[in-house]
Each structure stands twice: as C-alpha cells, then as structure tokens.
Amino acid sequence: MKKTIPMMIVMIGGLIWLFWAFSPHYIMQEDFLYKFYIPWSWAMIPPATILGIISLSMMHKAKIQRRAHKWQYSFFFFAGFITITLAGFLGGTQKGGLYMWMFENMQMPMSATMFALLAFYMASAAYKAFRARSPEATVLLLAAIIVMLAQVPIGTRISKYLPDISQWILDVPNLASKRGIMLGVGLGSIATSLKILLGIERSYLGGGD
Amino acid sequence: MSFELFSNLIGAFFTLCIFSFLYKDNPLYQMAEQLLVGLSVGYSLVLTYHRVFIPYVYQPIVIRHQFMLIIPFLIGVLYLTRLTRKLSWLSRYPIAFSVMGVGSSFALSLHTAILVQMRQAMVPLESINLTLIFIGTITVLLYFFFSKAHSGTYGKFVNVGKWYMMIGFGASFGLTVMARVSLLIGRIQFLVLDVLGLMK
Numbered sequence: 001m002k003k004t005i006p007m008m009i010v011m012i013g014g015l016i017w018l019f020w021a022f023s024p025h026y027i028m029q030e031d032f033l034y035k036f037y038i039p040w041s042w043a044m045i046p047p048a049t050i051l052g053i054i055s056l057s058m059m060h061k062a063k064i065q066r067r068a069h070k071w072q073y074s075f076f077f078f079a080g081f082i083t084i085t086l087a088g089f090l091g092g093t094q095k096g097g098l099y100m101w102m103f104e105n106m107q108m109p110m111s112a113t114m115f116a117l118l119a120f121y122m123a124s125a126a127y128k129a130f131r132a133r134s135p136e137a138t139v140l141l142l143a144a145i146i147v148m149l150a151q152v153p154i155g156t157r158i159s160k161y162l163p164d165i166s167q168w169i170l171d172v173p174n175l176a177s178k179r180g181i182m183l184g185v186g187l188g189s190i191a192t193s194l195k196i197l198l199g200i201e202r203s204y205l206g207g208g209d
Numbered sequence: 001m002s003f004e005l006f007s008n009l010i011g012a013f014f015t016l017c018i019f020s021f022l023y024k025d026n027p028l029y030q031m032a033e034q035l036l037v038g039l040s041v042g043y044s045l046v047l048t049y050h051r052v053f054i055p056y057v058y059q060p061i062v063i064r065h066q067f068m069l070i071i072p073f074l075i076g077v078l079y080l081t082r083l084t085r086k087l088s089w090l091s092r093y094p095i096a097f098s099v100m101g102v103g104s105s106f107a108l109s110l111h112t113a114i115l116v117q118m119r120q121a122m123v124p125l126e127s128i129n130l131t132l133i134f135i136g137t138i139t140v141l142l143y144f145f146f147s148k149a150h151s152g153t154y155g156k157f158v159n160v161g162k163w164y165m166m167i168g169f170g171a172s173f174g175l176t177v178m179a180r181v182s183l184l185i186g187r188i189q190f191l192v193l194d195v196l197g198l199m200k
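Protein chains in written order, with the numbering used here: chain R, 1 to 209; chain B, 1 to 200.
Quick caveat, the hints were computed from the structure, so don't treat them as lab data.
Don't take every hint at face value.
As the list claims (entries may be wrong) - Okay, the calculated beta carbon distance ranges per label pair:
| no. | chain 1 | residue 1 | chain 2 | residue 2 | range |
| --- | --- | --- | --- | --- | --- |
| 1 | R | Leu194 | B | Ser88 | 34 to 42 Å |
| 2 | R | Ile54 | B | Leu125 | 33 to 41 Å |
| 3 | B | Phe144 | R | Lys35 | 39 to 47 Å |
| 4 | R | Lys70 | B | Phe3 | 27 to 35 Å |
| 5 | B | Leu83 | R | Gln94 | 32 to 40 Å |
| 6 | R | Ser41 | B | Lys156 | 20 to 28 Å |
| 7 | B | Lys156 | R | Arg131 | 19 to 27 Å |
| 8 | R | Ile54 | B | Asn159 | 33 to 41 Å |
| 9 | B | Glu126 | R | Lys160 | 24 to 32 Å |
| 10 | B | Arg51 | R | Arg131 | 43 to 51 Å |
| 11 | B | Phe146 | R | Ala79 | 51 to 59 Å |
| 12 | R | Lys70 | B | Ile135 | 48 to 56 Å |
| 13 | R | Lys35 | B | Asn159 | 47 to 55 Å |
Idealized CB from N, CA, C, for every residue including glycine.
Isolated chain R, as found in the complex:
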C-alpha cells in the first residue's frame, strides 16, 4: 500500500506511455494523452504549488522564531509574498494594476540583475580555471575567446575572418562533441528509464516505510 501501489502505478503507467510512443491509434494519441493524462496532470499542479509555498513559508517562520542567522530578512520574504499575492487576487493581473507594476518594476529588474551578476562571477571563475596550464585548457580558452570576440564589433575589427572561424567552431568540432555527449546522455537516459520501468530504481519513492 505504501510503496508497492505507487510503484505499480509507475510500472503500468510507464508501459502505457511506452505503448503511446509506438502506437498511432487514436485511443492512445487522443483519448489517453489529451483527454486523460494532460488534464489530470494540470489538475494536480495547484496543490503542488501550495505545498512549495507552505514549505518555504514554514522555513522562514521557523527562522524568525528561532532568531536564526539573518532572520530579520525573512520579513522581507513575507512582505513581498503577501503584497504581490493580495495585489494579484484583489486587484487583478491586468497591466496597470499593482500586481503587474510590482512584477515589472521590482521582480523583473531584480531577477535580470541577478543573472547579469553572473557575468562577473563567470569571468572571475574563468580567470581562475582557464589559465592556460595545459594544451587542453589552452584550446578551451582559445575557443571561448574566438566565439566571444566574433559576437562583438571589435572582433571583426581584429580580423574579418573571425566570425567565419567562430561559425566553423560551432558547426564542426562543437557539433561533433555535442553529438557524442548527446548519444551518451541518450543511452544513460534509456538505461535509467528502463530501471524505473522495471522497478529496479526506486529512489523517487523516497525514504521511510
């Protein structure tokens, strides 16, 4: 009941999905996929979202109660969460409302800056990791420099052939390496899927009894 039935659902459901991939019959392609699996999957999403939010809120609540390290900042989590949620539910999600205003002028600038911040960290990590200590590292460094320079105007100023070389790197050695890796990943994915379908891999069931 606790582990066997979920495992049977995965095994039987997995076999049906496998059959779906090879059968063009409308019962599989229309009824199973569009009338059963997709609507059922969508219906399960809202409770999963609620679980994530409750879990995160509980973590912040415990942090405040225990006066853990940097507990004061957890209030900002609740402030942001409660304000935008109330704005969305009470004021609506249309453009011009508080919900979209907070998204456009607070959430979006902050998340874009977070990703932009990574440019600095990638540059410093690259400096530490890519110092041409071996021939392989030198090749990696050269490929990265050529691809980067080819995308900016100064690259074509240095050499008019740089964009062509960059394109060749992307189309030939890069393609070959990605294809080799993809074949390996594909084989690994198939092996893992088979292990789950046959009930050998059960880590998705979690620990406990």
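With chain R held as given, fit chain B onto it using these hints.
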C-alpha cells in the same frame, strides 16, 4: 516627478541593491534577495490560480460538470500530506503519476538522442568538415567507454575526443558569457538611458 520616473527609480534602486553584492555581502542585497524570492513565489501563486486552477480545475468541474477531474485534484492534494510525518507516504501517489511519464522518455530519448543523431552522423563523408564531425563523434563516444584502458594507440585516438570536447566546452562557455554580458548591458542601459534619461 512623473509616475514613470518613480517606477524607474524603484527599479533602479533594486537593481543597485543587487549590484551592491559585487562590493561585498550587505544588508541591502540581503533585503533585495529575500524580497525577490517572496515576489517570485507570490507572482507564481497568482499565476497558477489564474492560468491553471481556474481553466483546468474550477471551470471543468463547476461549470462544465466534468466531475472526473475531482479525482486528479484530490490525488494532487495528497502532495500536502508531505507536511505530516504519519501520512507523508500518501504523497507518493501524485509523484508516481508524474514519474510514469518516464515510459515516454524511453521512446523519445531513443528517437531524439540516439536514432536522429546516428542518422545525422552516418552521412557520406563528402567533405573535410563531415569527416571531422564523424571522427569527433566517434572519439568523443569512445572517450566515455571505460571498459578499455585509455593507453597506447587507442589512448591517443581517444585523446582526440578530449580535444573536441574542450573546443565544444569553450564554445558553450563563450556563448553563455555573451548571453550574461548582454543581460548586463541591458541593466546598464536601463540605469543610464531609462533612469538618468528621465531625470535630465
């Protein structure tokens, strides 16, 4: 002060709060970070309600009377049993429903990652580039074959695969850095053109 300028100043303030981390970890960054998490979670909750709960749960069940959809919703509610110690095993049921899609990934991986790639790799070697791609694919694959020691002539052949991968990783790194730099340019353009431009 116009409303547009006020909005841009708020955006600029939070942008600078995040950028302040480049100097060192500080209270302004910590505040902005937690606020960002809260805003993202609240945004996704409202979005899930309007884009998922209403069209896929409420409308089919209440308006169109498709009562069968109560079953998956209740199975989904079992996710919440994760919060209790005694009943947490019930959350395995909705997880199992999601994991059963692995059956399709078996067939789809076989198609996209194996068959299509092999078909594209096994073309007539009519040009130098096609020959180089073929050699690269074979040597990269052999590099991950650990049942034979990478030594002697075989080791040298396999080493070619390592060089191919280094070029591939370098290209990927270059593209990723440029994507991040373009985001950085976007943020600086926002600060310089949108904020300072309006203030002039």
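How the hints compare with the structure:
no.: 1; hint: R:Leu194 - B:Ser88: 34 to 42 Å; result: violated (28 Å)
no.: 2; hint: R:Ile54 - B:Leu125: 33 to 41 Å; result: violated (59 Å)
no.: 3; hint: B:Phe144 - R:Lys35: 39 to 47 Å; result: holds (42 Å)
no.: 4; hint: R:Lys70 - B:Phe3: 27 to 35 Å; result: holds (34 Å)
no.: 5; hint: B:Leu83 - R:Gln94: 32 to 40 Å; result: holds (34 Å)
no.: 6; hint: R:Ser41 - B:Lys156: 20 to 28 Å; result: violated (50 Å)
no.: 7; hint: B:Lys156 - R:Arg131: 19 to 27 Å; result: holds (26 Å)
no.: 8; hint: R:Ile54 - B:Asn159: 33 to 41 Å; result: violated (52 Å)
no.: 9; hint: B:Glu126 - R:Lys160: 24 to 32 Å; result: holds (28 Å)
no.: 10; hint: B:Arg51 - R:Arg131: 43 to 51 Å; result: holds (48 Å)
no.: 11; hint: B:Phe146 - R:Ala79: 51 to 59 Å; result: holds (53 Å)
no.: 12; hint: R:Lys70 - B:Ile135: 48 to 56 Å; result: holds (54 Å)
no.: 13; hint: R:Lys35 - B:Asn159: 47 to 55 Å; result: holds (54 Å)
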